[in-house]
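Q: What follows is the residue order along each chain.
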Amino acid sequence: MTTFIVRRLLQLPIVLLAISLLIFGMMQFLTPEQRAAAFVKTEQQAQHLDQVIRQYNLDKGFWVQYGSWLKEVLHGNLGFSKQSHEPVLTTIAKRLPVSTELALYMFFPTLAFGIWMGTMAAIHRDKLIDHIVRLFAIAGWSLPTFVLAIWLLAVLYGYLHCCGIGRADDKYMVMFAQGTLKTYTGMITVDGLLNGRFDVFLSGLKHLVLPVITYTVVASAQIMRVLRSSMLDVLNSDYVRTARAKGLPERVVNLKHARRNAIIPVVTIAGLMIAFMLEGVFFIEIIFNIPGIGQWSIPSAQNLDFPAVIGVALLTGVSVSLANLAVDILYGMIDPRISFQ
Amino acid sequence: MRKHLLTILALGFVGAMAFAATGPDTYVHMTYGEVDSLDPAQAYDTASGAILENIYETLYTYKGQSITEYEPVLATSYSISDDGKTYTFKLRHDVLFHSGNRMTCRDVEYSIKRLLVTNPGDSAGWFYAESLIGYDGVNAKDYFGGKATQADLDKYWNAIDNAVKCVDDYTVEFHLIKKDPSFFVKLMYTASSVLDSKYAIAHGEWSGTKKDWYDWAGKDLREGFLHNHDAGTGAYKLVKWDGKDVYAERFIGYWDYAHKPQMKNIIIKVVDEQATRIQALKAGDADRITVNDRATLETQIRGMANAKVLESDKWLGAAASAVFFNQKISAKDNPLIGSGKLDGNGIPADFFTDVNVRKAFAYSFDQDAIIKDLYMGKAVPLTMALPPSFLGYDPNIPIYNLDMDKAEEYFKKALGGKLWDTGFTMTIAYNSGNTTRKAVAEILKQNIEALNPKFKINVKAMPWPQFLAAYKNSQLPALVLGWGADYADPDNFIYVYYHSNGYFAKKIGYHNPKMDKLIEEARSITDPKKRAALYSKIGYLAHDDVPVLPLPRPTGWMVLAKNVYTLHAPAGMDVYNNPMRSGSFLWKDIIKK
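Protein sequences appear in the order of chains A and B. Taking the numbering used here, I'd label the letters of the first sequence as residues 1 to 341. Taking the numbering used here, I'd label the letters of the second sequence as residues 1 to 593.
FYI, nobody ran anything at the bench for these hints, they're computed from the structure. It is possible that some hints are incorrect.
Simulated DEER-style distance windows between Cβ atoms [said to hold, decoys possible]:
| id | chain 1 | residue 1 | chain 2 | residue 2 | range |
| --- | --- | --- | --- | --- | --- |
| 1 | A | S68 | B | P528 | 21 to 31 angstroms |
| 2 | B | R302 | A | W141 | 34 to 44 angstroms |
| 3 | A | T90 | B | G100 | 26 to 36 angstroms |
| 4 | A | V155 | B | S500 | 53 to 63 angstroms |
| 5 | B | D421 | A | W63 | 50 to 60 angstroms |
| 6 | A | G61 | B | R302 | 48 to 58 angstroms |
We treat Cβ as the ideally placed atom computed from N, Cα and C, and that holds for glycine.
Given only the sequences and the hints, what does the whole structure look like? Please build it.
A: Printed below as a string of structure tokens:
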């Protein structure tokens, strides 16, 4: 098992190198002026476009640009993001905890709710409860995230003044900015507890309610559908019939025999889901004003903020690889027949 | 257990529903567009300016909402020598920086020299360099292109060194290379804010001496210490800028302690999604929000219980935009001008050099439609490319508006009478999302195509990078461009728009020796009356020449929570709005009732 993990981790740098080459290659389709657009926001600044191109070596060839970029990376410098006005690594260090916190709070309710719905639907196949769950799933799945988010924003926040946007109440954000409250991890709820301030923790939770509801409604449908179909297969298999025949209680048959075997595809999906959540869920971050990775990476891509784009791509490479690794390990834990040789 | 859980959840929900409101001494402004840099010598955008104007101060500044009256801030008085080339400022004695250091002339000298030394290409340094050292307003590295001899560099440094001199600890002198009536107002722009030189040098900024000056020439200051640290004297000091939101607090050691600002904490939040800003205002979490367009203002904001919309037809901003007719279109690989010939399938590169073509286009342009469609009737047409609040704006100059007969008359005269028979095809491009550029292009298309079936105008959307590249390579035949004031002097607009060496005029190849002479005369005298008369002449000449067609200015608005006011508000208004302030008003003037 250790060899397996080490081997997989060793592949990671190669994946990252390939990603960076690919993105650098694609950038070559753009003219230096187009690449310089990231630095120029107004016509007033455009009068110095040539200087900008020279300053950032935008008119040099592929290998010169890639070489100088790679050299910097090996020195631990991913470049400067024009979008965030600071080094890419600083931005990632600042925003990744925010997206991670959001991801963790969204992931478990989504997973739990999806699994619960999937189980219920499969057990009560074609009964009323199955229809309700499937209807809900279709509605949730086809509802664009931003539509649901704006509805919740208008009704729960704007009209009922409940929950909140951003990460915590302003008075706490001011205290974090002043240093009265210490920042340890960059995750508000965790830092609140580490500061011994339960009120900060609660404020953080309050501001997570809207994103969590939105994401759970939209994303749990996928998990429910996968689990339902794989569980229906399993429920028809011989060993389930045997388990029933030997008189095991229904609950044990369904949850222990059937669901455990049906859950493998869910693990696969859930692994990818959390990997991509770490890159920030753009619509949620934009609408509920949560300064995570997505809020930075999407505008960066639109504005061709090249160091940011490649930084986020590398981050995605790392998190997807790690998530896949975790998924593979989980397979083995769920199903002992899977070996790592 | 499940029952209890539900009760707890429900209770939590109700608890969270308490009406949120910002505190009585906290001001929260939700806006869009991130701050670019908090280094005064680097920042050249409104989002940054809105912070800098509160944490830094200049020698003099605009008084209340006026752009023609000034008041001393870090200076107490000033005088100008008879030849107009030496400005002497007496400095205030009791000013503390946020670090606790005391301000002296050395700080003023350091700040202005640093501006001239660094002067990065995307900063405002150029207009200080033009007044104080020349060199086309460009920093030493870019001016010499790395091919400078030691003698060149010494000469450049001496120019900087001679530009600012300390007579004593509280008297500073500026030596201009030539008379410049706008120099005094240039010193009110945030780029010339006074920095804490000791603090800056101690943290690795330029040493203030000849030793390392060339290393700093043209440097991107966003990677330096002052990019996100505050070395100012303002009424507020920066608590934190995390690359996005800005937190500031009242500075206890502020020199004007007699006027303690009411707001203790200021939060400028970047909330890119407009719907979110609106809901936050509704929920009481914001004291001011930025609303992008009038349609949203009318349909979603007006009538909101705890918000107010303030507006005035005098709030026209310190900016002007116009339709530009490009007289030197680049014909190289340019699909926008079709065949590039006068054969009905394109336009020749010198299409707009004929004044008849420009006039025909101007008469095909429906200003009323723009005002009605784009601004819901709330806009004022401009007679010249100058904000109406500026010195020299002449409201009596006639305005081009839709006149199909005249348009036809000039099209028939155009290009030796050939244009009417052959017809033409051209493409007007705009950057996607820019509604003004789109509307202008569509109105021109509609009216001009209606005149003659052989006239064809295509309207094309381009992403910003592609649009910028086409703009830079002079491929766009006609386009809308705008200029925002750097300083409150008409020369900042007139030179840029109409002088053959001005940024825009040069770009579109407009050249009229008579015009150049008038502009040069107006920028070399100081008497406001004489200057105003000259600018009026320039306005009339620009009307005859139509190098550009000024667009109507939408009247501005502000969306605030009901209880927000400012000091120094004019009679009948809740707040003042100074077009030269990036944030319309200063934080220190905010009051909550």
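Q: Decide, hint by hint, whether the structure agrees.
A: Hints versus structure:
no., hint, result
1, A:S68 - B:P528: 21 to 31 angstroms, "violated (53 angstroms)"
2, B:R302 - A:W141: 34 to 44 angstroms, "holds (37 angstroms)"
3, A:T90 - B:G100: 26 to 36 angstroms, "holds (28 angstroms)"
4, A:V155 - B:S500: 53 to 63 angstroms, "holds (59 angstroms)"
5, B:D421 - A:W63: 50 to 60 angstroms, "holds (55 angstroms)"
6, A:G61 - B:R302: 48 to 58 angstroms, "holds (56 angstroms)"
Comparing the model with each numbered hint stated earlier shows that hint 1 is the single one that does not hold.
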